[in-house]
Structures are given as structure tokens and as C-alpha cells.
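Line order of the protein sequences matches chains A and B.
Numbered by our numbering, the letters in the first sequence go through residues 422 to 899 in order.
Numbered by our numbering, the letters in the second sequence go through residues 422 to 899 in order.
For the record, the hints were derived by calculation from the structure and aren't laboratory data.
For clarity, every value in this text was computed on a predicted model and none was experimentally measured.
Please note: incorrect hints may appear among the correct ones.
[To be verified] Derived DSS-like pairs (lysine-lysine); straight-line CA-CA distance at most 27 Å:
1) Lys449(A) x Lys672(B)
2) Lys526(A) x Lys526(B)
3) Lys526(B) x Lys506(A)
4) Lys449(A) x Lys677(B)
5) Lys745(A) x Lys677(B)
6) Lys484(A) x Lys730(B)
7) Lys672(A) x Lys745(B)
8) Lys672(A) x Lys449(B)
9) Lys570(A) x Lys526(B)
10) Lys745(A) x Lys484(B)
11) Lys504(A) x Lys526(B)
12) Lys570(A) x Lys530(B)
Each chain, letter by letter, is given below.
2 protein chains.
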Amino acid sequence: MANDKKLVEEITSMNVDFAQWYTDVVKKAELVEYSSVRGCMIIRPYGYAIWENIQKDLDARFKATGHENVYMPMFIPESLLQKEKEHVEGFAPEVAWVTHGGAEKLTEKLCVRPTSETLFCDHYANIIHSYRDLPKLYNQWCSVVRWEKTTRPFLRTMEFLWQEGHTAHATAEEAQEETIKMLNVYANFCEEVLAIPVVKGRKTDKEKFAGAKATYTIESLMHDGKALQSGTSHNFGDGFAHAFDIQYTDKDNQLKYVHQTSWGMTTRMIGALIMVHGDDSGLVLPPMVAPLQVVVIPIAQHKEGVLEKANEIKERLSRIARVKIDDSDKMPGWKFSEYEMKGVPVRLEIGPKDIEKNQAVLVRRDSREKLIVSLDELEEKVTELLKDIQKGLLEKARALRDSKTYRAVTLDEFEKTINETPGFIKAMWCGDQKCEDMIKEKTGATSRCIPFEQENISDKCVCCGGKAEKMVFWGKAY
Amino acid sequence: MANDKKLVEEITSMNVDFAQWYTDVVKKAELVEYSSVRGCMIIRPYGYAIWENIQKDLDARFKATGHENVYMPMFIPESLLQKEKEHVEGFAPEVAWVTHGGAEKLTEKLCVRPTSETLFCDHYANIIHSYRDLPKLYNQWCSVVRWEKTTRPFLRTMEFLWQEGHTAHATAEEAQEETIKMLNVYANFCEEVLAIPVVKGRKTDKEKFAGAKATYTIESLMHDGKALQSGTSHNFGDGFAHAFDIQYTDKDNQLKYVHQTSWGMTTRMIGALIMVHGDDSGLVLPPMVAPLQVVVIPIAQHKEGVLEKANEIKERLSRIARVKIDDSDKMPGWKFSEYEMKGVPVRLEIGPKDIEKNQAVLVRRDSREKLIVSLDELEEKVTELLKDIQKGLLEKARALRDSKTYRAVTLDEFEKTINETPGFIKAMWCGDQKCEDMIKEKTGATSRCIPFEQENISDKCVCCGGKAEKMVFWGKAY
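Turn these sequences into a full structure, and let the hints steer you where they fit.
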């Protein structure tokens, strides 16, 4: 049990230093290792397995809504990046430039894609001719690069993995419908799979994507009261279509511009999982994304029949869950800590006394509650427990989010709240960017979104006191 | 039917110009589109869906053999690339260099990974300490970049998608076992899934991977008699371990170097599928990788009950196969050509007369054979047919490969054969690189592999006439 203690003690408590706690968890749970490349991370097997589960579920949702996967080049010629003015201004300062191929200097430098709007537009201009070619509902899974100054694993890295959906539609209405549809896909995924409740809304013009007509977002709240932008969906209108000349002949034989959208979700959601569900013993993973849902730990494994029974249980459970047995020569207490650190939802202990009584001990990672179950009903109980944990994590996260969501009517109140009890602040806004800037300057909080579900908190802007009709979610953000 | 003709006529016959036929197929089957980035291709939905099927099957085989997926950075600092001498000499001339991040010039340039041995080694040096940490059985799916002068879709592009396995072992024996195990995984995958027969063997020293102790390969033969290196598996010995100082403490408390392997397969296998199975009507896809296994074409679909029945059939078949219905307003003949071009294994036609007789017409893409089947046994018949096509394609490809495999005892014979009837040439080799060079110079053929299954063709080297014990497969290669 000495080993057990040691492993736990190595983590900083989240109340002492949340940032250090986060760093400790990503390392000790073996999600990530730093690399020799500044700002880039190595995603280790356990971290990558979470990403694979995220991918698999999201990809099925994309396909169920009619999307197809493609793969675009990772390079964008400078001239192509420059075709849409706002877009290039937004991204050019933070891209990596390839200037040489082998020994030869390139005549035109290439940037490593920070996002692929320009490549998709270039492609769409080539393949869209008639209304029969629409809609185009494409997605790609890839890595992108943004030259960030300060980086943190999963949350902000120079290179990250993501998916980017890019669609083209005949009408503005269809594009808007797609934009909201995919925002809802993200929101449902976050709640149903990651057990992370989100606020859905529109970004202010200041915060919208470079080149978009409107950006929609889902925002989640971390344990430390900071907000995390968790997925965005952009309606481009026909701006890119004009810049790239993407036109089609409609049924009425008229040439028309297409209307486009894009939407993305990234490996930063692994950071969200850590910061929403984790505790001072490490990760806590919702069963639906956990690489390992049940770990079987034999107790007194040297005694006759224990390993045999433990393996039999493992075999039985592997038909209904992702399960492994740890029969290594480490002490059980050490193993307990290790799988707690890794956030495995259920630990199953089986020892000689349990075998005698035809039972096993199940321990929940989230509540640490112990349940003694008969081996005759093991499959039912484990299935039930995993569902219960999944549900419980969402409820707990929602309660936490709600407990950290405040209202402010005046700027003083706003400032006091954000400093003393960080979280989401609901406050009215007149719509003027000057007030948005002022709030950021005074409080460090940015507008997270104008939520779809509005509430009338007052009729005055929290900043200037002018007439305000929009309630905005504000917060300090990752 | 005029449209039908037109679509087919647009393809060059493979006997007239094989290279042009290939280019026509990749474009017309909508596998690939050229991009604004020189040497890079856009993999379109139909092409990418083939890759997804390849990935899914291979990935399951990797996991079944104990491998885990990870993700490494896409950049390699110059100093890291230079750590292993032969490796850097092999790759430095063909890498893309990032020299600027945003506006800032980098103090050390980064190459875009052409392969990731150096990154894995760097990581292994950090995480391997004890024999308990071994073996490490890692794989990653990613894209890599090699600055090629001339490119062809799937076969040779500046950027391509692949998987690269990288493993570290305690002993030389384990590393050798892994190297051969993964070569066999590739060979079985090619035969069982892609229906492509391969020759397994070792590369000569001249042809081995930069930095490897031994490279093993699977070689397949295309319709035009050219060879395609289809997968390679390298045994690195402890060369990289010395260069990167990857040591572990063994059970006997001694510090030892690890032994490593790497192995890769790429999107070029889509090129192999085209060139092994395709014909003058386009692609022919083995059912196991076909994005679409059955296409349902309603005949006289405006007549009452036809669409209804066709949809009912589609629903039934979608439980056992990847199926879609094409009820667009194109002529049936046009649709036939389109799905032939795309290589869909089975076409199902259903019209008013069929409905009357409670039957459907199944047409095989490979042999164009028509089968009339009762709707009562549709599922069984389709399942059977798909299996039969899968098996038949492998047999046909094997027969083709065998018919294009020759023997040569003298260099004259070798030259005459390779020029008149391109294919694999089996010939003896003394082991001297000078003869290998001479053969290439005289015939354009390179050594493909020293096959595991040896045959004694003569006891003299085909080139110098000296004593020869090794039979080598030679061929002109992609």
C-alpha cells in the first residue's frame, strides 16, 4: 500500500494548482508525452484510444447525416490561401511555411494547412457544375498546424488532430440548416458520449471565424470555472463561393453561387474530458469513450483458482465491454491507483473469499462506491453500472456547470463574480463591439456565445447601460 | 444507350496505353482529382471509402497481433533526422522543409516527416527503461511527404497516406520474429481482402530501407507485367538503438540495447487494386474492399410498384451487404456503365417482368455473367455471389501473375523476355551488387526480392555466370 500512496501523492491537487494538476494527469495517465518538436505532443496509446473512440462515434454521426469522407493535400500554396481576404488575414500570421523541397527552393511557398477551406473551395470550383452536383457534404479527418506561442497538451498545440466538415449547398437556407444541424450533432455527441453538457449559441462578430458570415459554437465549462469552446459550425454564405468562383447552373438555367459551411471538432475534447470529469486521483472517463471499461484485478492471485476465475470473468465480460485483466506481479493497491489514474470506469476485484461466495466486488471510479454482485448476474450488473456511470457523469457535470453559472447586471458585479467565483456569466449586451472589448479589458472574460436559449436578465447592457436585447454567456476561456 | 457508349468510349483501352488507361480510371471512377498543389492528389469519397475499408481491416489485424496506435508529430527537427547516418542520407534529399512559423524564421528547420523512425526512437529512448517496458508494439496512421519529381495518383505522390508500425524488442530473435510476422499480416491481407497474390521475400542490400539491417517485401504483379512493391517490413537490429541510445535494464540487471522493426503499407494499394483487377470498362473491386457491393437498378422505374420493390430489396440486402439504389432519372444503360466504371461487384436489376416472376437479375462485374434468382433466396444468393467473386478475383489474379512469370538462365534470355513479355523474371544471382547494377542497366529490371520459396533454376549467376545459390525475382517496377 506504500506504492499506492506514492502514485497518488505525485499528483498536484486540483484545488492547489489546477494547471499543474492537468499537466500531471496527462502525463501520469499516459495520455501524452512531450516530443523534441516544440509545441507538438506525442499522443500515447491510451490517449489515442480515446481519440479513436471519439472518431468512431462522430464519424458514424456524420455518415448518418449523409456526409462522406475525403482527403485533401496537407499543403496550401500561398496564392490559394490568399484568395479570401478575411480568411488569409485570420490565418497567415500563424502558419508554418514550407520553402524548400529537397535541396530545391520552391518558386511558391506552401503553408501546412491550418484549416482547409481554401482547398475545398478550389476542389468545389472544379467539380460543381449543376444543381445535380449539390449538395456536397464532405468531411476529412486529418492533422492541422497553427504556429502557437504557448501550448498545452490537447488544449493548444502547434499540431492537432481534428475533423473538418466542408459543405456546399444550392441555397442560403440549406446552408443555414446544415450549420445548425452539425452544431446539434456536436452538442448531442458531447452530452451523450462525452457526458459534457454544452451551451449552444452564436459567436459575436468579433469572435467569429475568419471568413464566416456566422459562427455557431458549443461551449462547455471546466472544473476550474473556465470555458472551453468545444466545437464550431460556420455558415460562410456565398463569400468563399465568390472568391473561388464556385457556381452552378440551377434548374432555371441560371448561374448561381453556392452557399457553404464548415465545422470542426478536435483532440482538445480529450482535454475537456480531463477537466470536466477528473479528480485528485486522476482521470475519470465516461464509459462510452473509455478505452478500457472494466479492469479485472485478481486478489491473492497466487492462491489456487483465483487467476483461473479472474480470466473466466474477463472472457465473459469481454463480450459486453472493453475489459482487461491485470495479473502482473504488482500489489493490488498499486494496481487500484494505476487504474484510478487512468479513469477506468469499473474495477472488478475477485479473490478467494469472493469465489467461495460466488461473487465479485465492483468499484465505481466516479463515486468509489463498492457493490458486491453475484457472478450469476455479472453481465447484467456490469452493463447497468456502465450505463449508470455514463448518466451520472453527465448529471454531475451539469450540476457543476449550473452551480458555476452566474448572472451579472452591472460591470462591477461582473468583475467581482468572475474574480471570486470563476464560471459562466450571463449578462446583457447592447451588441456594440466597444462594450465587448471593454469587458475583456476590465475582466479578462470574453463573450462565449449568444445562446439560443435566451433569458431576459435586464434590459440594459452590462457594460454601457444602453438598450440591450441579447443575453450573452461570458467567461475566461482556454 | 447512346450515353452508355459514350461513357465507355472515354476510357483508353489498357492494351493501347496502359498508363493512360490507369489515369482514365482513377479520374472516371472518381477516386482522385488533381489539386492546385503540385504532386498532391485529392482522394475523393469513393477512393477514400476504399482506403477506409483497407484501414479497418488492417487495423483489426494489427490489434489482433497486440499492436497499439499512437500519434507522433508531423515535423522532425533537422538534428533529429540526422541522428542515424544511413537513414538521413536516404531521406534528406527528398523532404519538404519548414523554415518559417508565422513571420518568424525558425532557428532550426523542421522537415515534414517522410517516415517516423527518428521520432519513434526519440520517444522510445524516453519511455523504455526496463525489460518490463518491452516489447513496444506501436503503429500510426498518418500522411507522409516525399518530394518526388514525377508523380502518379496513388502510385507515387508527394504526400500519401499510410500506416507505419514501429516496434522495440528485448532480443534480436523477437525483432526478427516480428518483422516476419508483420510481413505475413500484409501478405494475408493482400490475398484475403484485396485478392492480390504476392511473392514474399527479402530485399537485396541495394534495395533495402535506409538504416535497416534487412528489408522484407511483398511484391505483386500488375496487368501490364510491372511489379509493385506492396508492403515492406524492416528489421533494424540495434542500429537505431545505438544512434538514439535506447537501452533497457534486463532481468540480469545488465543495460542492453533494444532491437527494432518498422513496417508500412500505403494508399498505393488502391493503385494495385486498379492495375490488378481492372479492365477496359473500368475498376473491378473485390467485394471485401468495395465501398458499394451491390447496386440496385430499377428498370422501367416509372411503372407502378417497381421503385417500391427495388427499395424493399435494397432494405433487405442492406442487412448483409453495402448496398445502394440508384433511382435517379438517368437511363439504365448509363447507370450500368457508371457502376461498371466504379467496379461495383454486383448489379441487381429489377423491372416489372421480374416482379411478376418474383425474381431479380444479378450481374457480376468481373465476368458480366447474368444470374436470375428468386426473390425468396435473394440474401443467400447475393452472399454466395460476393464470396464467389472475391475468390474468383484472387484466382484470376494468380493465374495472370503465373502466366507472366518467366525464367531466365542467360542475360540475353532475360533481356529478350523482359522486353517481349514483361513480367516477373526468376533468375539466379551470385550476390554481387555489380551484377544487380548491370542487370538494371541492360534490362531496366530491378531485383524485386529474394523469395522465401527458392527454386534452383541453374547454379550460375544470370549475369556474370559465377556461382549462384540465390534465385531472385526481377522485374520492371512502379
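Quick rundown of the hints versus the structure:
no.	hint	in the structure
1	Lys449(A) x Lys672(B)	25 Å, holds
2	Lys526(A) x Lys526(B)	15 Å, holds
3	Lys526(B) x Lys506(A)	24 Å, holds
4	Lys449(A) x Lys677(B)	26 Å, holds
5	Lys745(A) x Lys677(B)	30 Å, violated
6	Lys484(A) x Lys730(B)	25 Å, holds
7	Lys672(A) x Lys745(B)	25 Å, holds
8	Lys672(A) x Lys449(B)	25 Å, holds
9	Lys570(A) x Lys526(B)	14 Å, holds
10	Lys745(A) x Lys484(B)	14 Å, holds
11	Lys504(A) x Lys526(B)	24 Å, holds
12	Lys570(A) x Lys530(B)	17 Å, holds
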